[in-house]
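Visitor: The primary structure of each chain is shown beneath.
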Amino acid sequence: MLEINDLYSGYGELKVLKGVNISVGKNEIVALIGPNGAGKSTVIKSIFNISDVSAGEVLFRGKDITGLRTHEIIKLGISYLNQGKINFSNLTVRENLMIGADQIFAPDVAEEGLGKVYAKFPDLHAKEKELAYTLSGGQQQMLALGRSLMQRPALLLMDEPSLGLSPKLQKELFETISSLRSEGISMLIVEQNAKKAIELADRTYLLEDGKVVLEGGKEILENEAIKNVYLGGRY
Amino acid sequence: MSLLAQSIINGLITGSIYALVAAGYSLIYSTNNFMHFAHGISVVAAGYMVYWLFTLAGTPFYATCLITILLSALFGLAMYRLIYLPLQRRGSSNVILLIASIGILIFFQNIIQIAFGSGVKLIGYIEVSRGIAFPGGITMTVLQIVILLISGIIFIMLYQFMQKTKLGRNMRAVSNNKELASIVGIDHIRISDFSFLIGSALAGVAGILVALEQNLSPLMGTNLMIKGFTGAVIGGINYVPGSIIGSFVLGMAENLGILVLPSGYKDAIAFSLLFLFLLFKPNGILGKKEGRFDK
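Chains as they are written, first to last, in the numbering used here: chain A, 25 to 259; chain B, 69 to 363.
Wrong hints could be hidden among the right ones.
[What the hints assert, rightly or not] Result set (DSSO-like, lysine-lysine): computed pairs, CA atoms no more than 30 Å apart in a straight line:
#, chain 1, residue 1, chain 2, residue 2
1, B, 234, A, 140
2, A, 144, B, 246
3, A, 151, B, 234
4, A, 99, B, 334
5, A, 109, A, 144
6, A, 140, B, 246
7, A, 195, A, 220
8, A, 151, B, 246
9, A, 153, B, 232
10, A, 219, A, 39
11, A, 192, A, 220
12, A, 99, B, 232
13, A, 235, A, 251
14, A, 219, A, 251
15, A, 140, B, 232
16, B, 232, A, 109
17, B, 234, A, 153
18, B, 232, A, 144
19, A, 42, B, 246
The set of hints was computed from the structure by calculation and includes no laboratory data.
In isolation and in its complexed conformation, chain B is listed as follows (with noise of 0.2 Å):
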């Protein structure tokens, strides 16, 4: 009983870092309507920023966190506007932006592995430590209770701004109905611009909190892009609040999998929901083919 407890625990804390990561890059998708696969890297540079600052500068962890943060969202920006703009300036199709946002993800692991070796690297922020025992045989770390909080305050807050805010209000729409979007009137190029921003520093945040639970190694953007993909076609990937849920479902399934499974089974459950889900529902347990909610 208490090993099923600690299981879909530990499947939330996994879930939550998946839904981060599937956040950001289905409010990506869902106003640009393409792959953008060097979300990944977004992760993982906000990760090595924190071994940068902190570990080696000795910034302040708080300003650490924030200068993390804001240069995440920059740099989603960039790719944006010095990529994958200019392409779509000259006609380039989404397939052509795919690739590209591979070619993207591929040459910053390179950079970042000149940059920093090939080896793995600790932030060591928080001392490895014993967890906190809760009842029901449920053991949590601090860092654990912070991921979870932290996560849980974001999609709030997410969820608020899409829903309140004017801004959330047109990526809704843009979202919803791209060429009615520019016929009311929203210039196009603002949303994508604010999707990029608001997308990668959620990678940003996934990519702090990646870095102070596990180690950091170059390569391992692509699968936590794998898996935040995984959750978000899983949840729905052109609804932001599904690609949520679906990443939940997928850390509790790779965490409750490996139950009666091997551990190493953890990434071929996520594959093997992947390919279930690519095949018999494409649209994700709440997404939409063309429009959700059009008759």
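In isolation and in its complexed conformation, chain A is listed as follows (with noise of 0.2 Å):
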């Protein structure tokens, strides 16, 4: 579905990834792990365009995506839930999920895609006409979150999602991923919980210093290196 082939990226003179092979294949859940400034959320602005990639490819399908525009990325069907800001604070909850899909499709099939994602998050539903910024912080990811399906993915990068949510919220969060899968949707999530992720992904990519340095499925959990740094409760 996506395959990532000796990426080098960064922002102008910045140079953040040096030569990165990720894939993820249909269906599946890959997480990237890795400490501050490794080049996590690069990765995911390189597929997005928001970064400057300087040398190797991004495909997606086959096709080689490196250098469109973000807008046209998002119509081959790949959505980003971002960090930091994640709504527009100053739009409804109804605007905020239908920007993402009027984008891309007529009027009544954005639309459509409303009823789905007010009957996985009822909260928005009862809020619809509020302005996001009035949101509880759980809420405010639930919104971020359906618009990114409103624009029907087949494939969702996530950048740290369970950023700041309370242990009860996080664990509400990863079980909505994992039912995004039953859905179709492939995803790509930057998270810091290494252990979380783990458990959560198919497989994972450790990145350190803008490089793969390891990359496995569950059994990771158990490797020396990983047990020492990420989950001794450093990270």
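Using the hints, put the two chains back together into the complex; each one sits in its own frame.
Guide: This is how it looks when you write it as structure tokens:
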């Protein structure tokens, strides 16, 4: 589904990724873990052409999408759930949901998705007409995820979706993410919580200083380096 | 009492011209994030377009207005596409764009001066007439009533456009969070195109009204731009309704201020307000720092 080959990327003079190879298969959940500054978010930004790719290629369904403009990439079926300011705080909940979909689909098709997202997240339906800044942290995250789903992606890129959520909400979020797989969505997830990420994902890549240093399935939870550095509480 | 009422009406009339300038300016600023000071020249160019088409060439007045608004919109788009966008693509900072905008302003001021001379020009569409007397000792000319009505209608239309249309909503989204707007698939160049088209069309309307009410001179754009900018700063430069309200506040302050100060102090009142707001409330009355709506 997604294939990243020997990717070099960064921001202007700042080189972050130094030859990264990553793939995501159909219906697969893949996690990216690693210390701060390793380049996890930059991988996602490179796919979406928000960082400066200097070499390498990104293939989606076999097609080279490197250098395509962001709004063109979305139309191919890739959606991105960013971190930081994840919603348009001055737009209503409904506007926040529709804004992703109606860039791609005709208005009536976009509206159909609204019902599905409201069924999944009833809280959002109840607050449909309210401005996004009035929502709680958990609802903000639902809204952002809902907006990504409105775009009906084949591949969903998520940058630290659990950031700032309480343990209970994190658990709910990871359950939701698992359920998305059954809807045929492949996912690439950047996650700070290494243990949670490895448990959730089919495969995990460990990134350090712009390079993939380890790759594997759930068995890497037993890997000594991972245990010592990432599960020992330092990260 | 009647002097006070008259000053308030005068403040509204002045304010509505400032607000037309400020609304376009702030629409462009909020979606593009740089200071388009050349917006002032769009107003003046529209004024001279009216002078050229109507007074010199004898084009019917309403056709003149339509052509002027259309050309103003295209003039704004051309500034974006031919000057700002190529600079942005070379990685120019917003300061460079600001300098470029001042360059454009000075360049076209001089072009107008070469083409039409530096003397003041009169449109002469509406005869200078005695105002109509209203109860409360207020007098207004027909033109002044027209200015109030037209600007009011335009502000309502602009508000409806921003709130009810997909393009308006996308513009609000871009002004709220540019990175996210790009992530959800909004083409920011298209949004910039439309912000320059619409913002400069508003400048065109302001230019027509200014041309009818005042004498035209090539250098008047700087003053209008500064007043529009001041209005936008007072109300909140990032928020179009804020900049409209701020412009009315400025118009009122100027006209009420000269009840107690000599009338030569009008500009001083505006600049004092600008300084006070920049110092103590740089985000304006309704404006926002990062996001007015963010916690």
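Visitor: If a hint holds in the structure, say so; if it doesn't, say that too.
Guide: A quick look at each hint next to the structure:
1. Among the hinted pairs, residue 234 (chain B) with residue 140 (chain A) is consistent with the structure: their alpha-carbon atoms are about 21 Å apart, no more than 30 Å.
2. A distance of roughly 28 Å separates the Cα atoms of residue 144 (chain A) and residue 246 (chain B); the hinted pair therefore holds under the 30 Å criterion.
3. Our distance criterion of 30 Å between C-alpha atoms is met by residue 151 (chain A) and residue 234 (chain B), whose separation comes to about 20 Å.
4. Between residue 99 (chain A) and residue 334 (chain B) the CA atoms are separated by roughly 54 Å; this puts the pair beyond 30 Å, and the hint is violated.
5. A distance of roughly 22 Å separates the Cα atoms of residue 109 (chain A) and residue 144 (chain A); the hinted pair therefore holds under the 30 Å criterion.
6. Distance restraint check for residue 140 (chain A) and residue 246 (chain B): the Cα-Cα separation of roughly 27 Å lies within the 30 Å cut-off, and the hinted pair is therefore satisfied.
7. For the hint linking residue 195 (chain A) to residue 220 (chain A), the alpha-carbon distance of about 9 Å falls within 30 Å, and the restraint holds.
8. Proximity of residue 151 (chain A) to residue 246 (chain B) is assessed by CA-CA distance (about 24 Å); at most 30 Å being required, the pair is judged to hold.
9. In summary, the hint linking residue 153 (chain A) to residue 232 (chain B) is supported, as the alpha carbons are separated by about 14 Å, within the 30 Å threshold.
10. Distance restraint check for residue 219 (chain A) and residue 39 (chain A): the Cα-Cα separation of roughly 28 Å lies within the 30 Å cut-off, and the hinted pair is therefore satisfied.
11. A threshold of 30 Å between alpha carbons decides the hint, and for residue 192 (chain A) with residue 220 (chain A) the separation of about 13 Å falls inside it, so the pair holds.
12. A C-alpha spacing of about 24 Å is found between residue 99 (chain A) and residue 232 (chain B), which places the hinted pair at or below 30 Å, so the restraint holds.
13. A C-alpha spacing of about 19 Å is found between residue 235 (chain A) and residue 251 (chain A), which places the hinted pair at or below 30 Å, so the restraint holds.
14. Annotation: proposed proximity of residue 219 (chain A) to residue 251 (chain A) holds, straight-line Cα distance about 9 Å (limit 30 Å).
15. Taking the CA atoms of residue 140 (chain A) and residue 232 (chain B), the gap is about 24 Å. The hint holds against a cut of 30 Å.
16. The hinted pair formed by residue 232 (chain B) and residue 109 (chain A) meets the criterion: a straight-line CA distance of about 24 Å does not exceed 30 Å.
17. Note on residue 234 (chain B) and residue 153 (chain A): the hinted pairing holds, with a Cα-Cα distance of about 16 Å set against a maximum of 30 Å.
18. Among the hinted pairs, residue 232 (chain B) with residue 144 (chain A) is consistent with the structure: their alpha-carbon atoms are about 27 Å apart, no more than 30 Å.
19. Straight-line distance between C-alpha atoms of residue 42 (chain A) and residue 246 (chain B) comes to about 28 Å, which keeps the hinted pair within the 30 Å bound.
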